[in-house]
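Sequence lines, in order, name chains Y and V. Residue 22 in the working numbering sits at position 22 of the first sequence; the count goes up by one each step and never skips. Residue 93 in the working numbering sits at position 93 of the second sequence; the count goes up by one each step and never skips.
Treat the hints with care, since some could be wrong.
[To be verified] Facing chain V, from chain Y, some residues (calculated, C-beta under 7 Å):
hint, residue
1, 28
2, 56
3, 63
4, 71
5, 75
6, 82
Calculated directly from the structure, the hints in this document are not laboratory data. Ideal Cβ positions, reconstructed from N, Cα and C, are used throughout, including at glycine.
The residues making up each chain are set out below.
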Amino acid sequence: MTVSFIKYSFDLQTEINMGLSYTAFYVYTFFALTLVTVALDFLGVKKIKKEIDDVVAKDQAYLYMFLFKVLAEVALVWLVIAFIGQVLMGWISL
Amino acid sequence: MAKEGFGIKQIAVTAVTAGLCLPLALFAIILVPIPGLPAASGFWIPAGFYFVMTLWFGVWGALGGHIATTIAMGYFFGYTLHIWVDGGLGDFIAPLVALVIFKALKANPELKTQRDYVVWVVSVMIASLVCGLWVQTVHLLFGVITWPFWWIGVLTYFIGDTMAIVTVGTPLLKALTAYVKQSPMYIWK
């Protein structure tokens with residue numbers, strides 16, 4: 001059962017990736033979803049700017065949560081760009 | 001510099017700044033190393049974060065940057081104590097230099113006018129130069145680097161730090177200062 005499952009996984013992998021390694025496929029999927037999440041959050045925040053101001057006025061803790069979240073998102077985007085940059089430069093491979 | 005003294009908020013700001021800057025410092029050293037200069041990077045991305053945090057929250061942001069870069073250079077890369085302390089102090093001094101210039105020239109971190117932008121860029125350039133001069137001169141005096149590398153080091157810090165800080169810090173200041181100024185820890189009230 002286990003052997004056939006592994007074989008199935010590898011067949012599937014070859015079929016889906018078309019030359020892209022499973023690791024690369026997984027990492028790039030993760031990156032893509034991360035970037036989409038950050039972009040949607042950015043757009044969402046613009047839509048509810050007034051509500052955010054209201055919550056911040058009532059609860060200062062939210063201000064710090066919001067601030068730290070945005071800073072972490074910027075850091076994430078940078079790390080994704082830096083990783084892809086390293087791959088493109090040929091410094092690392094997947 | 002914070003008006004609120006010392007408490008959980010100050011610890012949180014320092015800890016978050018350190019936590020964010022630590023991986024960025026590590027990868028900055030790995031990604032853009034400068035051969036011959038220990039723990040140097042040609043694009044010092046964490047500075048973009050701790051400069052902004054320092055402009056908002058004063059010494060607590062600078063302290064976070066200092067802790068991050070000290071740990072990055074020391075614990076993870078295994079450089080000697082001298083290099084941790086020297087580099088870490090340079091990264092503590094630099095954002096405070098920018099803050100002092102910003103304060104002295106009464107610029108607004110929200111970057112509302114052209115003058116604010118000019119003060120921001122000039123303060124970053126001066127702070128990066130001071131950082132480079134400090135770190136490389138101490139390295140030179142302790143025999144860690146030789147004289148020709150002093151110039152390369154100062155220039156690298158000046159250009160690499162300035163580029164990273166302006167690239168990352170400018171949009172952060174522009175987008176987030178409006179929120180941050182509602183914090184009692186914001187030092188420009």
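Structure-based check of each hint:
Interface restraint check for residue 28 of chain Y: the shortest CB-CB distance to chain V comes to about 18 Å, outside 7 Å, so the restraint is violated. At a threshold of 7 Å, the smallest CB-CB gap from residue 56 of chain Y to chain V is about 5 Å, leaving the interface hint in force. Hint status for residue 63 of chain Y relative to chain V: holds, with the closest Cβ pair at about 6 Å, below 7 Å. The closest approach between the C-beta of residue 71 of chain Y and any C-beta of chain V is roughly 6 Å, which is under the 7 Å cut-off, so the hint is satisfied.
Given hint, residue 75 of chain Y at the interface with chain V, holds; its Cβ is 5 Å from that chain's nearest Cβ, closer than 7 Å. Interface hint status for residue 82 of chain Y: upheld, as the beta-carbon distance to the closest one in chain V is roughly 6 Å, under 7 Å.
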